[in-house]
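2 protein chains.
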Amino acid sequence: MKQRYFFELSYLGTNYCGWQKQPSSPSVQETIENAISKLHSFEKIDVVGCGRTDTGVHASNYFLHVDLPPKFEPEQLKFKLNGILPSDIAIHTIIQVDMNNHARFDATKRTYHYFLHTTKNPFITGQSYFFPQKLDVLKMNEACSILIGTKDFTSFSKLHTDVKTNICSISHAKWVALENDMLRFEISANRFLRNMVRAIVGTLLDVGTGKLTHKDVEQILKQKNRNSAGFSAPGQGLFLAKVEYPFLNERLT
Amino acid sequence: MKQRYFFELSYLGTNYCGWQKQPSSPSVQETIENAISKLHSFEKIDVVGCGRTDTGVHASNYFLHVDLPPKFEPEQLKFKLNGILPSDIAIHTIIQVDMNNHARFDATKRTYHYFLHTTKNPFITGQSYFFPQKLDVLKMNEACSILIGTKDFTSFSKLHTDVKTNICSISHAKWVALENDMLRFEISANRFLRNMVRAIVGTLLDVGTGKLTHKDVEQILKQKNRNSAGFSAPGQGLFLAKVEYPFLNERLT
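The listed protein sequences correspond, in order, to chains A and B. Counted the way the numbering used here counts, the first sequence spans residues 1 to 253. Counted the way the numbering used here counts, the second sequence spans residues 1 to 253.
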């Protein structure tokens, strides 16, 4: 009898083609499945992640579910897996859940962070986007207010075959100034479309440099046209930072 | 007529054989000399660093001096060099100094930081040492007090031909707990011997795990024997963090 487990993990995406398995490049998913398989007589293992991340995108908070025979206690399984997995993937918590809990469908809220730095910094290469231009953070935050609410984000998406709607509910969007000339963009929603955060970041950077105005962003959103938005900010600055499940809230603290 | 310039810089040491030029591996020194040379009609350039760093060791604060014709304003030179240099080396300040100011001989105090983490963390690989054991930080800090003062550090050095004395004056040595199960060791002295900080860190970690006691560290120091100390902690956690020059103090703030 298999049991369902939720894993809370984090990974540095630099050396992966993203979360999702690909035929020719190493993915986070495949790396984790192989590690679990090694501990279960090389049985084929399928894990279900909370969502996709693109090439080079990181996750400081990620969840997956997997059905396994109860061979190990969760703490023991976590310890063994962290020993097998490379240093860029870490399992933080493993808990047993109901068989109907689902890492992708049960997530009610996701938060992404996007980091950038405006002064050259050797220690954050690969985890932040170097953008050496003056930015009007106040204007960028004013433009954020346009995004808040339940809206059609077609203008900020990539052509995506398996979604029925481009409507997302954004509950939070804000730029925060950090030390060492770094900025963090925080955005939370019930769901995100493919490429959406990076297109939003690129568009807000165009606002910060004065290329676009508050009104332009309103227009872009209204046009529901994928060619309207600004450039897509590179993946290296993007982190999936929080995934929330109502049934897990009290169990993870 | 050449003029002397001091450069304040930082670098990630991961991809270098250290500061010092080597015949076959890329060094930070050579990379900077080549970049300056490119801006000066490929004239041969020699820079003098404030000290050596080993393979994979980083510097969050480093100084060099170099004599150049006054072809560029310091700000302009800094901007051009940062464009040529790779993302793991950043020039922060360039100032003109007297021709007798020397980056190595005039430094009166140097501070190193050593970072380690006791819980797996994908985002600090290469900039911190993963040491997944319980550490008694109180005992480690008690042992630090033995190091403070003007003492012979032969036990914590490598065989080193070009130094006449192994006496160093340690003014500060302390472990600080940071968030995310990270620790930072801070140590300041007028000078350091080759491998000294890493041998001290390894020895203090042996105190933290209970392998060595306060008394043992006293004995090791007294023995003046390079084989007495604990293991040498790996280079990836080590940062040259501050170099002080009395004549620069007021000019850099």
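Hints were generated in silico from the structure; no laboratory data involved. Take the hints with a grain of salt, since some may be wrong.
Given that identical chains are not distinguished, each listed pair holds provided it fits within a single copy or across any two copies.
[What the hints assert, rightly or not] Here are the simulated EDC-like cross-link-like pairs (lysine to aspartate or glutamate), alpha carbons at most 20 Å apart as the crow flies:
{"hint": "1", "residue 1": "Lys38", "residue 2": "Asp136"}
{"hint": "2", "residue 1": "Lys158", "residue 2": "Glu30"}
{"hint": "3", "residue 1": "Lys164", "residue 2": "Asp67"}
{"hint": "4", "residue 1": "Lys242", "residue 2": "Glu179"}
{"hint": "5", "residue 1": "Lys44", "residue 2": "Glu179"}
{"hint": "6", "residue 1": "Lys139", "residue 2": "Asp206"}
{"hint": "7", "residue 1": "Lys134", "residue 2": "Glu75"}
{"hint": "8", "residue 1": "Lys215", "residue 2": "Glu43"}
{"hint": "9", "residue 1": "Lys2", "residue 2": "Glu186"}
Being a predicted model, the structure only gives us computed values, none of them experimental.
Hints and how they fare:
Within a single copy, Lys38 and Asp136 get their C-alpha atoms no closer than 51 Å, and across copies no closer than 35 Å, so neither meets the 20 Å cut-off. Taking identical chains as interchangeable, the C-alpha atoms of Lys158 and Glu30 are never at most 20 Å apart, the minima being 25 Å within one chain and 44 Å between chains. For the identical chains of this complex, Lys164 and Asp67 are neighbours neither inside a copy (28 Å) nor across copies (65 Å), given an alpha-carbon limit of 20 Å. Taking the shortest alpha-carbon separations for Lys242 and Glu179, only the inter-copy value of 18 Å comes in at or below 20 Å, while the best intra-copy value is 22 Å.
In this assembly of identical chains, Lys44 and Glu179 lie within 20 Å of each other by CA distance neither inside one copy nor across copies; the values are 46 Å within and 38 Å between. In this assembly of identical chains, Lys139 and Asp206 lie within 20 Å of each other by CA distance solely inside one copy; the values are 10 Å within and 53 Å between copies. Proximity of Lys134 and Glu75 under a CA criterion of 20 Å is satisfied inter-copy only: 17 Å between copies versus 48 Å inside one chain copy. Taking the shortest alpha-carbon separations for Lys215 and Glu43, neither the intra-copy value of 56 Å nor the inter-copy value of 53 Å comes in at or below 20 Å.
For a Cα distance limit of 20 Å, the shortest separation of Lys2 from Glu186 qualifies neither inside one copy, at 38 Å, nor across copies, at 50 Å.
Hint compliance for this structure: hints 1, 2, 3, 5, 8 and 9 are not met, and every other hint is.
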